[in-house]
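Q: The primary structure of each chain is shown beneath.
4 protein chains.
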Amino acid sequence: MQRDSFSASPAPIQASKTLNRIGQGRHFLQIPGPTNVPDRVLRAIDYPTIDHRGPEFQRLGLKILEAIKPVFGTVQPVIIYPGSGTGAWEAALVNTLSAGDTVLMVETGQFASLWKKLAEKLGLKPEFITGNWRRGVDAQQIEDRLRQDPHHTIKAVCVVHNETSTGVTSDIAAVRRAIDAARHPALLMVDTISSMGSVEFKHDEWGVDVTIAGSQKGLMLPPGISFNAVSDKAIAASKTATLPKAYWAWEEIIAANKNGFWPSTPATNILYGLAEALDMLFEEGLPNVYARHKRHAEATRRAVRAWGLEILCENPAEYSPVLTAVVMPKKADGSYYNADDFRKQILEHYNMSLGMGLAKLQGWVFRIGHLGDFNDLTLLGTLGGVEMGLARCGIPHQKGGVQAAIDYLAN
Amino acid sequence: MQRDSFSASPAPIQASKTLNRIGQGRHFLQIPGPTNVPDRVLRAIDYPTIDHRGPEFQRLGLKILEAIKPVFGTVQPVIIYPGSGTGAWEAALVNTLSAGDTVLMVETGQFASLWKKLAEKLGLKPEFITGNWRRGVDAQQIEDRLRQDPHHTIKAVCVVHNETSTGVTSDIAAVRRAIDAARHPALLMVDTISSMGSVEFKHDEWGVDVTIAGSQKGLMLPPGISFNAVSDKAIAASKTATLPKAYWAWEEIIAANKNGFWPSTPATNILYGLAEALDMLFEEGLPNVYARHKRHAEATRRAVRAWGLEILCENPAEYSPVLTAVVMPKKADGSYYNADDFRKQILEHYNMSLGMGLAKLQGWVFRIGHLGDFNDLTLLGTLGGVEMGLARCGIPHQKGGVQAAIDYLAN
Amino acid sequence: MQRDSFSASPAPIQASKTLNRIGQGRHFLQIPGPTNVPDRVLRAIDYPTIDHRGPEFQRLGLKILEAIKPVFGTVQPVIIYPGSGTGAWEAALVNTLSAGDTVLMVETGQFASLWKKLAEKLGLKPEFITGNWRRGVDAQQIEDRLRQDPHHTIKAVCVVHNETSTGVTSDIAAVRRAIDAARHPALLMVDTISSMGSVEFKHDEWGVDVTIAGSQKGLMLPPGISFNAVSDKAIAASKTATLPKAYWAWEEIIAANKNGFWPSTPATNILYGLAEALDMLFEEGLPNVYARHKRHAEATRRAVRAWGLEILCENPAEYSPVLTAVVMPKKADGSYYNADDFRKQILEHYNMSLGMGLAKLQGWVFRIGHLGDFNDLTLLGTLGGVEMGLARCGIPHQKGGVQAAIDYLAN
Amino acid sequence: MQRDSFSASPAPIQASKTLNRIGQGRHFLQIPGPTNVPDRVLRAIDYPTIDHRGPEFQRLGLKILEAIKPVFGTVQPVIIYPGSGTGAWEAALVNTLSAGDTVLMVETGQFASLWKKLAEKLGLKPEFITGNWRRGVDAQQIEDRLRQDPHHTIKAVCVVHNETSTGVTSDIAAVRRAIDAARHPALLMVDTISSMGSVEFKHDEWGVDVTIAGSQKGLMLPPGISFNAVSDKAIAASKTATLPKAYWAWEEIIAANKNGFWPSTPATNILYGLAEALDMLFEEGLPNVYARHKRHAEATRRAVRAWGLEILCENPAEYSPVLTAVVMPKKADGSYYNADDFRKQILEHYNMSLGMGLAKLQGWVFRIGHLGDFNDLTLLGTLGGVEMGLARCGIPHQKGGVQAAIDYLAN
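Residue numbers (numbering that gives the first Met the number 0), protein chains in the order written: chain A, 0 to 410; chain B, 0 to 410; chain C, 0 to 410; chain D, 0 to 410.
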């Protein structure tokens with residue numbers, strides 16, 4: 000059959016042409032996720048789509064569902080959804096809670112705030128421990144609050160492991176100890192969207208009930224799938240919780256997963272990528288992966304300090320291994336040099352994407368992602384781009400940030 | 000950095016090895032979706048992931064959101080979710096309805112039944128017009144029922160355009176006329192998961208309020224994204240509906256889409272594929288695409304009849320252009336030759352996946368998908384595989400099915 | 000750096016757009032090579048190019064050079080060139096012969112004729128045993144000729160294992176026996192360009208001195224690399240032969256290959272593909288690969304006979320397992336229906352490429368390739384396209400060719 | 000058909016596993032070619048192989064053959080071979096020369112020496128103007144020599160535009176002026192293997208007769224195809240030259256190219272890549288491409304000087320825009336720190352390949368490639384890897400090389 004043209008057709012999109020407008024050479028995707036997807040994973044996801052009810056897919060499904068567990072530090076089921084991290088947030092809540100339930104959340108930054116907003120939309124009553132967006136969770140505050148909840152009105156404690164908006168981590172084991180110290184039955188739910196696969200996480204050992212994760216950060220995949228790891232206690236809660244749930248309902252998925260299948264159509268090709276990414280993580284060795292992220296984070300902070308800029312995170316014990324949020328210097332008039340203009344210059348002149356300051360950080364904070372498929376030289380290119388951007392935009396700084404990173408990394 | 004091995008690591012998955020166990024040559028993926036993904040689309044989805052908040056992605060987003068509209072036959076917004084078709088079903092309901100609302104659904108087959116079950120899980124009250132799984136929607140029944148609903152208890156009429164489990168289509172324009180004839184304000188929601196991009200659909204002209212679609216059928220993409228096209232009336236309903244909604248909520252998405260963005264992270268790489276698939280559909284011309292599917296369906300039915308087998312769909316006016324469900328012949332003892340054994344033999348010997356009979360059709364019905372990226376020769380290979388399978392399994396049939404298809408196609 | 004436009008630039012080529020003008024669905028590439036390249040091989044060749052002097056490439060090189068040997072049936076070196084099959088013909092001659100040397104060649108068809116022409120261009124004196132292009136090599140003729148060469152003027156006997164232009168194979172073991180019977184020291188050179196990887200070949204056992212092969216046929220790769228397998232006797236000849244040789248010279252390549260390297264830059268990415276193709280051949284098992292080609296060839300011939308058309312190859316013992324050349328029927332006026340018009344219609348209407356009749360076969364012969372990455376259903380699609388083309392072009396034939404193939408294959 | 004295992008099969012190669020042994024993150028391929036192949040080109044080369052005699056390929060061929068010309072600075076034919084740069088050297092000589100012809104060559108480094116050796120193997124008599132491998136061609140020496148050749152024994156002058164072994168360029172226009180000043184009819188042949196696409200070149204304006212190029216450097220392709228651009232005078236010479244030629248013969252190729260075809264099978268998939276690479280070069284604009292390479296070369300030299308290391312090229316006017324060869328510092332005992340140990344450490348610890356010192360430069364020179372698909376940040380990563388390597392290996396140097404590059408690039 001010859002192709003006819005269709006008079007009412009829109010102009011061709013030509014995706015590769017539409018996308019390739021800026022710069023030459025490889026793009027540096029240094030937002031804190033999506034991260035640079037490894038070539039091996041990209042090749043895996045373009046393998047032809049197959050029957051998701053057939054024996055070949057079944058073999059793959061069974062292997063993936065088993066291999067994903069050590070990354071989460073669990074022997075429990077890990078549920079995989081076609082969906083974004085936001086979807087996995089929703090899944091955690093609708094499976095375990097009922098309309099009007101109180102949940103204790105902690106304002107570590109924009110993502111904690113968005114999760115709280117989502118809880119409200121779902122008809123829950125989040126109680127928000129406020130924060131200054133420069134520190135992680137204070138486990139003592141949680142313990143104190145839970146001790147004042149003798150009737151166990153609070154059904155869940157929800158915290159973010161790594162706040163993508165601020166570059167601040169929280170001590171999840173300490174939160175578990177706090178809950179236990181208060182002898183409170185609340186579920187512990189942890190958002191690991193930007194830490195999973197990059198920062199050590201122990202779902203079982205730390206007594207987490209629901210771990211929420213996404214594909215596009217440390218797991219080195221394109222966005223499109225997200226995760227819930229669940230404890231027995233969470234599963235038990237899901238049997239009685241009454242928020243409406245269907246797409247996100249764990250029960251049917253866990254049952255079908257036993258045979259390597261999913262009840263509704265899984266995102267076949269992203270799962271191919273997940274298989275490859277898991278192979279890569281285990282080839283490198285998870286402890287090496289975690290150490291690598293810490294090392295690159297330290298190198299980044301040394302660069303930031305050498306430039307004379309301020310790291311947003313106030314507490315060194317809570318520095319994020321996966322991103323560093325940086326405060327722009329101030330002008331004589333007390334206003335900040337504009338972070339978004341700065342990022343725009345860097346994108347246009349150096350073909351690098353940096354993360355913007357979100358919500359109340361907008362305009363005066365930028366974020367450097369140093370996670371995922373990444374190595375020393377990519378980091379030096381990244382930091383070099385920041386230092387050149389500072390110079391190009393006339394932003395007051397000391398030279399030598401890249402040098403400081405080199406000095407640290409070379410040892 | 001050298002890669003260490005990690006003692007507790009699982010065995011490597013080796014996706015390409017895990018997947019490649021059956022047969023040589025190209026697999027024939029003739030289930031009624033996921034369909035054979037064109038090479039151009041596969042190459043598009045493995046283009047490196049980029050910043051979903053940057054100007055390059057914005058350009059792509061704006062183009063996609065505009066080009067998708069003519070496929071749905073609408074000038075209204077088309078919402079794209081990371082998620083499966085099941086998710087898009089849920090999205091349609093939670094955006095527009097409130098707990099306890101009555102919805103009128105029609106039992107055209109397994110997918111209509113699953114949608115009804117999903118509605119129940121969400122706390123709705125579906126009223127189910129029963130059916131024999133061999134016919135489409137009877138618009139008169141809908142009209143009759145709505146006329147008996149003077150207080151407008153029924154909030155929505157939900158029908159499936161193309162029943163993937165049976166190969167039967169329904170006349171959507173007739174359903175709209177029925178609703179109008181009954182002067183009933185119920186929303187009209189249509190599942191086009193297996194018809195969109197293959198069968199003509201006119202969201203605006205037919206007065207559909209929510210059109211639900213998926214990526215992995217006529218749109219020729221891997222599974223992973225799904226769609227809601229919405230009318231003004233549906234959007235209005237979403238302002239007052241009270242089912243909890245967050246991830247699926249249209250409002251924020253429509254607002255962000257105006258600038259080419261999404262509120263939560265979109266499935267970047269599948270969207271690359273969508274851009275390419277849309278280009279392909281318009282290059283061929285939508286009328287040509289629809290005509291091609293009809294022609295392949297007719298050729299398939301001629302083969303089925305030549306074999307002396309029965310087509311599940313009873314009403315020729317409702318034959319599906321995208322798949323044909325076939326009834327297995329009976330043995331002397333009155334039982335059916337087993338459809339699943341038959342499919343298994345075909346998979347193992349001829350490297351082709353056929354669709355199974357679902358639910359009450361299991362074991363005695365199989366389905367031939369002839370949709371998506373497909374041409375005359377692929378169809379002949381497909382039908383040849385079925386005819387060889389019949390011979391190999393000793394299933395009584397007349398030879399000459401492929402010949403009948405050739406005779407039809409060659410003219 | 001922003002991209003400027005350059006006033007004198009040519010219009011963009013847009014390869015994927017330029018290539019995608021004909022038809023929808025997957026193209027059927029049924030010329031007798033290049034063949035359909037498997038998805039696994041295509042993915043392998045787009046892996047990033049690496050340092051061809053580094054340890055990673057070395058590992059790959061050593062493995063490939065070892066694994067290729069069983070396909071050629073040799074334990075001797077197999078030399079791999081960036082180049083086409085024509086280059087490998089030249090390599091065989093310039094390494095072993097001197098200006099003015101007589102070589103005995105056999106006119107089995109167009110490729111034998113081209114090889115002869117190439118020998119002339121290089122300053123050799125080919126003696127050509129003529130043929131009717133419908134039969135393979137007559138070993139007795141070779142023996143007779145060699146017996147009449149008491150002074151061993153003839154330095155080499157050059158034959159084509161599978162004549163790609165005619166679909167006729169030759170018995171190489173018989174040629175060796177003929178040479179030995181004549182007690183003649185001539186080298187035996189065999190063109191296996193369209194047989195290697197599809198038809199059993201035993202370089203060592205059959206006493207072949209130089210085996211010439213290419214990548215784009217049974218080895219399932221894109222064109223771009225070609226091969227010489229060599230005997231000790233051939234290597235010895237290369238030490239004294241005086242035709243100028245540099246690029247093609249075996250010596251340096253064999254030496255460098257010992258360490259997994261090449262003296263000049265190898266075609267890295269095609270070699271990635273070769274590694275994958277070798278894995279695929281051994282996964283299927285070489286005996287299975289050879290049996291598969293024979294079975295598909297027989298099915299094709301049954302179809303041709305059912306159509307009432309004539310197979311070009313006159314001798315059933317010499318039927319090619321990889322392609323079938325078919326004679327067009329004649330019109331009332333004694334002229335042939337035009338084969339090229341026929342192929343053009345099939346390309347435009349059924350998205351399939353068939354091989355043209357070459358040289359004196361042009362216009363009245365077409366060729367069906369059934370080699371490489373291929374299976375039963377692809378064959379049925381292929382034959383279906385031929386049968387539909389016959390009908391569409393009004394070429395007299397009996398129906399039932401595809402049916403004959405089905406009947407054969409299903410048993 | 001089920002896959003059987005074949006008892007005598009070699010172990011699977013598993014190319015992607017075999018290749019992925021070193022490091023994580025993207026490899027930095029900073030040898031002076033093969034260069035980093037852009038993602039767009041890699042995707043292009045894995046598009047399915049098609050019929051090289053069909054209309055789709057013809058369209059592509061015609062476009063490529065036209066678009067390649069401005070890169071060579073010519074309106075004459077550019078011949079494309081499946082083959083390496085070495086093959087294109089051979090092609091230039093065998094097309095235009097006869098056995099025993101004298102050619103004047105200039106010892107600019109290892110590649111000039113290899114070309115001379117190749118000329119000898121082909122039976123030519125190269126006369127070699129010796130050099131110290133740290134300077135380019137001295138046009139005056141050529142002029143002087145040609146003036147002493149009144150009988151025009153010298154048939155060709157062969158020079159290397161960019162010596163890949165030394166990082167030294169030569170002034171081709173000056174060589175042409177020298178030949179003209181001597182009123183000598185010798186052909187001018189120029190090796191642009193490592194400059195084409197990166198350094199401005201004007202085949203026509205500079206009066207070059209044969210320009211030799213390869214795919215794997217500035218043209219950003221994998222290795223596998225190479226080029227001869229030819230003048231009318233060269234074509235005229237090819238009519239009478241008597242070195243045996245067949246595979247490399249221009250005549251047939253030029254004739255077939257007029258219709259977009261090639262006489263023997265072209266390297267289809269690499270040509271897809273060439274189409275994409277040409278689009279990319281023109282999108283950036285050739286003047287921008289050339290300026291970019293110069294700028295990165297200057298930044299690299301500033302880094303080298305800041306480290307206190309010596310640039311091999313002695314003459315600033317001849318600095319290469321595509322690579323910089325660097326001399327290792329000496330130890331107290333007068334011996335050099337070992338360049339190969341240094342490169343090995345960098346490969347293992349920083350996942351970067353640097354070029355080795357070739358032939359007499361081995362062990363005391365290393366080479367940094369800064370050509371092809373490359374940008375400022377990739378350069379900073381590259382230089383950072385060198386600086387870290389110097390530190391890690393305890394090689395005496397000043398810190399601040401990367402800083403010097405940043406200071407230069409940021410302005």
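Since the hints were made in silico from the structure, they are not lab data. Misleading hints may appear alongside valid ones.
Which copy? The list can't say, so a pair holds if one copy fits it or any two copies do.
To be verified - Each computed DSS-like pair below joins lysine-lysine, with the alpha-carbon atoms no more than 27 Å apart: (1) K120 with K16; (2) K359 with K329; (3) K359 with K257; (4) K68 with K16; (5) K398 with K293; (6) K257 with K329; (7) K257 with K16; (8) K257 with K116; (9) K238 with K124; (10) K238 with K257; (11) K120 with K329; (12) K232 with K359; (13) K330 with K398; (14) K115 with K201.
Q: Hint by hint, say whether it matches the structure.
A: Hints, one by one, checked against the model:
{"no.": "1", "hint": "K120 with K16", "result": "neither (39 Å within a copy, 44 Å between copies)"}
{"no.": "2", "hint": "K359 with K329", "result": "within (16 Å within a copy, 56 Å between copies)"}
{"no.": "3", "hint": "K359 with K257", "result": "between (45 Å within a copy, 23 Å between copies)"}
{"no.": "4", "hint": "K68 with K16", "result": "between (39 Å within a copy, 21 Å between copies)"}
{"no.": "5", "hint": "K398 with K293", "result": "both (24 Å within a copy, 24 Å between copies)"}
{"no.": "6", "hint": "K257 with K329", "result": "neither (57 Å within a copy, 34 Å between copies)"}
{"no.": "7", "hint": "K257 with K16", "result": "between (43 Å within a copy, 22 Å between copies)"}
{"no.": "8", "hint": "K257 with K116", "result": "between (34 Å within a copy, 22 Å between copies)"}
{"no.": "9", "hint": "K238 with K124", "result": "both (20 Å within a copy, 21 Å between copies)"}
{"no.": "10", "hint": "K238 with K257", "result": "within (19 Å within a copy, 40 Å between copies)"}
{"no.": "11", "hint": "K120 with K329", "result": "neither (38 Å within a copy, 54 Å between copies)"}
{"no.": "12", "hint": "K232 with K359", "result": "neither (36 Å within a copy, 36 Å between copies)"}
{"no.": "13", "hint": "K330 with K398", "result": "within (18 Å within a copy, 31 Å between copies)"}
{"no.": "14", "hint": "K115 with K201", "result": "within (24 Å within a copy, 39 Å between copies)"}
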